[in-house]
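**Student:** Residue numbers (this note's numbering), protein chains in the order written: chain E, 3 to 642; chain B, 3 to 642.
Keep in mind the hints are simulated off the structure, nothing from the lab.
Incorrect hints may appear among the rest.
Claimed, not checked - Derived list of chain B stretches under chain E, where covered just means 3 residues or more per stretch with a C-beta under 8 Å from a C-beta of chain E:
(1) 161-169
(2) 177-185
To be verified - From the derived model, a few chain B residues whose C-beta atoms are all more than 12 Å from chain E:
(3) I262
(4) E296
(5) L407
(6) A420
(7) G501
By construction, the Cβ of each residue, glycine as well, lies at the ideal position given by its N, Cα and C atoms.
Protein chains: 2
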Amino acid sequence: MTNLGATQVARDDAQGDGVKLVGSDATHDGRGRFDLLFEPSARKVRVPPGVMLFDAASWNGIAIDSTCGGHGTCRKCKVQVLDGVAPITNLDTRAFSTEELRSGWRLACRVEVSSDLRVEVPELVTRPKAATVGVGRKVILRPAVQKRYVEMTEPSLIDQRTDLERLFAMLDDLELRAELHVLRSLGRTLRANDFHVTAVIVDDVLIDVEPGDTTERIFGIAFDLGTTTVVATLLNLNTGMPVAVQSMLNKQQPFGADVITRISAIMMDRNKLEKLTELAHGALDELAHGVCEEGGVLPSEVYEVAIAGNATMTHIALGIDPEPLGVAPFIMSTKLFPEVLAADVGVRVHERARAVMFPSFGAYVGGDIVAGLLASGMDRDSRMRLFLDIGTNCELVLGNSDRLLATAAPAGPAFEGAAIRCGMRAAAGAIEVVKLSVDDVSLGVIDDAEPMGLCGSGLVDAVAELVQLKLLDPSGRFVDDDRAIELAPGIGNRLTQLGKERVFVLHWRGDVGDVAESIYLSQRDVRELQFAKAAIATGWQILFEEAGLKTEDLQQVLLAGSFGSYLSPASAVRIGLVPKLPVLRIVSAGNVAGEGAKMALLSLRERAGAMALLDEVEYVELSDRPDFNDRFVDQLAFPD
Amino acid sequence: MTNLGATQVARDDAQGDGVKLVGSDATHDGRGRFDLLFEPSARKVRVPPGVMLFDAASWNGIAIDSTCGGHGTCRKCKVQVLDGVAPITNLDTRAFSTEELRSGWRLACRVEVSSDLRVEVPELVTRPKAATVGVGRKVILRPAVQKRYVEMTEPSLIDQRTDLERLFAMLDDLELRAELHVLRSLGRTLRANDFHVTAVIVDDVLIDVEPGDTTERIFGIAFDLGTTTVVATLLNLNTGMPVAVQSMLNKQQPFGADVITRISAIMMDRNKLEKLTELAHGALDELAHGVCEEGGVLPSEVYEVAIAGNATMTHIALGIDPEPLGVAPFIMSTKLFPEVLAADVGVRVHERARAVMFPSFGAYVGGDIVAGLLASGMDRDSRMRLFLDIGTNCELVLGNSDRLLATAAPAGPAFEGAAIRCGMRAAAGAIEVVKLSVDDVSLGVIDDAEPMGLCGSGLVDAVAELVQLKLLDPSGRFVDDDRAIELAPGIGNRLTQLGKERVFVLHWRGDVGDVAESIYLSQRDVRELQFAKAAIATGWQILFEEAGLKTEDLQQVLLAGSFGSYLSPASAVRIGLVPKLPVLRIVSAGNVAGEGAKMALLSLRERAGAMALLDEVEYVELSDRPDFNDRFVDQLAFPD
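Kindly generate the complete structure, drawing on both the sequences and the hints.
**Tutor:** Here it is as structure tokens:
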């Protein structure tokens with residue numbers, strides 16, 4: 003299978019009657035997880051029921067031999083179950099003698115965990131290739147795409163095997179099926195090349211047969227399909243190395259800056275769905291051809307793409323009606339997307355290339371977050387961490403390898419510079435850093451240009467500095483003019499009046515004193531930011547409560563996405579956007595969605611890991627909580 | 003899976019290490035078959051290794067409960083293995099308690115036969131619907147297509163399951179996957195119909211969700227895709243009854259009467275493949291729409307089609323290059339065809355309807371023969387039978403439920419009326435019956451029209467009658483004029499001369515005595531028929547030898563196809579076209595290819611049975627036998 007959806011581990015009733023064949027009873031820890039103890043390393047990991055033993059080991063860095071990546075075809079992932087329940091599968095009966103089966107030998111990729119297990123892992127025979135991606139994650143290369151060069155004997159009257167049987171006999175460690183597309187030209191390709199060809203395989207599907215030896219050329223493209231920006235990374239799947247990266251604004255921008263506006267456009271006019279789908283396809287395809295050209299790679303040498311996007315972007319890219327995502331009770335058509343071709347999402351690379359679509363937790367915690375969690379290793383790290391992806395909608399995930407809780411908070415557009423009087427996108431001329439002292443204003447401007455407005459990180463800085471100087475009181479009100487001069491003699495006069503509203507001038511664009519022409523922060527802007535940060539703080543506060551934790555238990559805050567890269571950790575703490583923590587523990591994780599997409603392309607195991615996350619993460623819905631509004635109001639104030 | 007290819011039973015190394023869990027040792031009968039004894043009926047059947055127990059029972063008329071048709075989803079096919087080896091599968095552990103597993107309880111559809119077994123089959127709870135098709139075969143209705151009407155509760159903030167999860171929860175006896183196509187409109191369809199919809203399922207794939215309750219409307223079309231004629235039967239899959247039947251000449255006729263000519267056309271000009279594929283699609287689609295209109299069925303209510311055709315017709319219909327089929331060593335691209343849509347073979351019915359393509363034994367024993375064997379029950383009948391499908395190419399299968407041998411013989415075009423001086427197709431005006439006595443000629447003409455020529459069955463009759471009267475000697479030479487008058491005083495003068503050639507006049511079209519204008523049989527025509535019948539007789543003679551049988555062991559000859567319907571059994575015996583047998587034992591089986599296609603549509607079990615045939619039938623290649631020519635020459639003479 004090519005798709006994340008298809009790699010789902012069966013778990014519907016894995017806790018049903020198990021056959022007790024070796025050792026101890028099936029036990030539970032009350033949260034439905036089992037302990038796995040790997041020998042001889044003595045590594046212990048805890049997994050939900052239904053996870054395959056092979057995957058559980060791989061995700062936790064315990065290497066088990068395999069050439070098929072856990073597909074049950076290479077029969078190399080032999081392990082010995084010393085204690086616990088591991089029913090014998092049909093495949094086991096082919097891989098082991100009766101004696102070996104009695105001693106607990108099993109294929110790790112067929113063992114569905116349904117009890118605590120103690121497992122002996124034989125030493126690795128081969129040293130696998132690996133690449134570093136994500137947040138310092140080392141990924142063992144095992145892409146879904148593989149190529150095999152074969153030299154076959156030609157058919158004769160005494161060897162009348164079909165062309166496909168002849169080819170498959172050379173690939174008998176795999177259990178393949180061929181696509182009609184391949185069969186249409188197989189006979190001709192074999193005969194035109196003396197039966198010396200390269201088989202192109204994605205998962206268990208033969209998608210092409212190429213003349214001669216083309217094994218050196220295997221590429222994939224990882225996409226981060228953001229509401230605002232789309233990023234494509236061309237990867238060499240033989241080495242794991244990126245070949246080229248390009249990005250562009252999402253072509254859907256004219257239909258609204260955020261997902262709700264775009265869904266509304268479709269609700270108003272159903273023909274808009276087709277248009278938006280077309281625009282998504284256009285962006286993906288243009289980037290695909292851009293990175294191929296830049297990297298000197300033919301589009302036909304790209305055999306798989308992975309796409310991480312939020313639920314709305316993914317629905318629209320697949321042409322799935324997103325309307326129910328936009329109105330309560332916020333329902334997705336599906337969490338897991340069916341097997342699709344790159345062509346189905348408009349990407350014209352190899353005509354049978356697959357597209358891996360990241361699944362979504364919920365309408366507002368989408369595939370980008372699944373990819374982000376994968377890249378940041380949230381589910382495999384014992385540290386208690388808070389993952390924050392701040393945008394119009396803010397996604398929050400709290401937890402560690404034991405348990406993960408997620409939610410979404412409607413932050414509104416303040417962080418994008420929208421609904422702010424002098425707000426603007428984080429582009430040239432945007433004030434992104436603000437430092438205030440009692441007698442000076444110091445600004446950092448993108449591209450060192452003449453200041454034109456205030457972007458999200460500048461907004462947070464400005465408010466945080468004003469709170470620090472007490473020019474804003476804890477409730478978010480500007481102090482009066484006299485008090486301002488008293489508190490900050492050199493800059494107090496910048497706190498003034500524009501019409502009926504109090505404003506603080508950050509930069510005189512025209513004459514000093516011409517407030518209307520200046521770049522300023524208004525009382526209403528402060529309120530907008532308060533609403534945004536209160537929504538987010540309410541979100542993580544509820545997650546902490548649900549997890550039975552205090553904010554002091556937190557060890558790290560991971561800020562995902564580009565906003566996270568520019569946000570000042572100190573300012574974020576000061577306004578209460580993130581829990582109080584030493585600033586060094588608040589780290590920018592970068593474009594984790596794109597990194598997750600790369601990981602999925604490089605490794606079937608990581609891809610399965612993303613699927614497993616769907617079951618590991620508990621989603622906490624905020625919109626139906628009766629206490630949400632009270633908590634929200636409580637969070638409007640700035641911390642003392 | 004939808005395709006015959008995909009229902010292949012795994013058998014690569016089913017004879018490997020089995021886990022002995024209950025009773026006796028795995029035993030073999032030397033030909034790799036196992037004995038199954040079903041209790042309480044005490045029915046005994048012999049099957050090749052790797053067959054699924056459920057299928058083995060079904061094919062032999064032993065009914066086991068099931069609603070999913072052997073897909074491992076309904077968990078109803080519970081049987082108790084009393085003796086023999088039946089490893090426990092993952093599914094068994096979910097269906098049974100540990101105690102039941104110890105007592106040998108298994109799901110019959112998961113038991114791959116790898117030893118002799120004694121099996122207790124519980125009494126049926128439900129009485130399944132059945133239809134009579136094929137050669138008196140009773141088929142239990144279990145089509146791949148099913149519909150389920152469901153009424154779902156609507157989503158809410160406390161029940162945020164995705165639309166697909168909500169739907170699948172109503173169908174939790176099945177393990178389904180949904181197609182992208184369905185997801186694109188699922189949200190809208192559910193909401194426009196108060197969540198009351200009908201799920202359309204083919205195998206394990208949800209292909210559509212229809213508004214309201216449409217369960218009464220499920221149709222399929224069975225095609226016999228012949229080189230000459232294409233026949234379509236519209237079937238009601240709820241009742242098993244045919245709704246409409248239509249046929250037409252294969253639109254590829256202008257490119258040659260037989261497969262070799264058509265392949266040659268493609269070899270000369272590769273663009274012809276596309277043209278021939280288009281013509282095949284055109285015929286199939288035109289018939290599909292014809293039967294739908296006749297039957298009052300919307301094309302969108304047809305969810306599956308089955309196509310039985312020879313290897314060349316099937317390759318071309320799928321757009322697969324047939325060139326290697328046309329030249330030694332006669333290689334197919336594949337025996338098993340991949341999962342395809344009806345749209346892939348040009349049939350515009352439901353846009354996600356599946357097309358089941360019958361697999362082929364070999365380049366010249368194709369899917370039409372697989373379908374024919376299925377319909378005639380060759381593999382389940384203990385009588386020793388010879389199956390003959392006579393055309394330009396003649397396919398022969400000899401055997402019974404114990405063993406089946408197949409081969410193909412190049413008969414040439416004589417039986418189609420081609421290469422015969424006064425030959426013609428079996429159409430209005432063709433002499434199809436010839437009776438001779440010493441003083442009279444009596445002719446049967448199609449449509450009682452004025453005779454215009456001689457078709458295949460008339461040719462066989464004419465020669466047989468002349469042999470009977472000794473006007474043709476055993477070597478196939480006409481006797482001289484004097485001897486002719488002596489042997490048959492009333493008609494001897496019809497044996498005369500046309501130019502340099504001896505001819506026998508069957509019908510005076512112009513003046514009596516005007517031989518050139520008459521319908522006659524020439525010495526060369528007799529030679530053509532001798533070549534054709536010798537090729538066929540050599541074929542079955544070699545099959546008898548390979549099987550270690552004598553022709554006396556034969557109990558029945560089955561003549562498949564339309565030629566078989568018109569051929570006089572007595573004449574066929576007299577010229578040695580078939581082994582010497584009482585004429586009542588030589589029976590016309592009719593359009594068995596079409597019947598097989600119907601069976602595949604009506605029953606997943608029969609479909610699996612067709613797949614099993616691929617492994618049960620041993621193919622005997624004639625073209626590489628050094629003794630073929632000598633044997634062929636020996637067979638040229640007529641039996642004494």
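**Student:** Give a verdict on every hint.
**Tutor:** Hints, one by one, checked against the model:
no., hint, result
1, 161-169, "holds (count 7)"
2, 177-185, "holds (count 5)"
3, I262, "holds, 16 Å"
4, E296, "holds, 30 Å"
5, L407, "holds, 16 Å"
6, A420, "holds, 27 Å"
7, G501, "holds, 41 Å"
When held up to the earlier numbered hints, the structure conflicts with none and fits them all.
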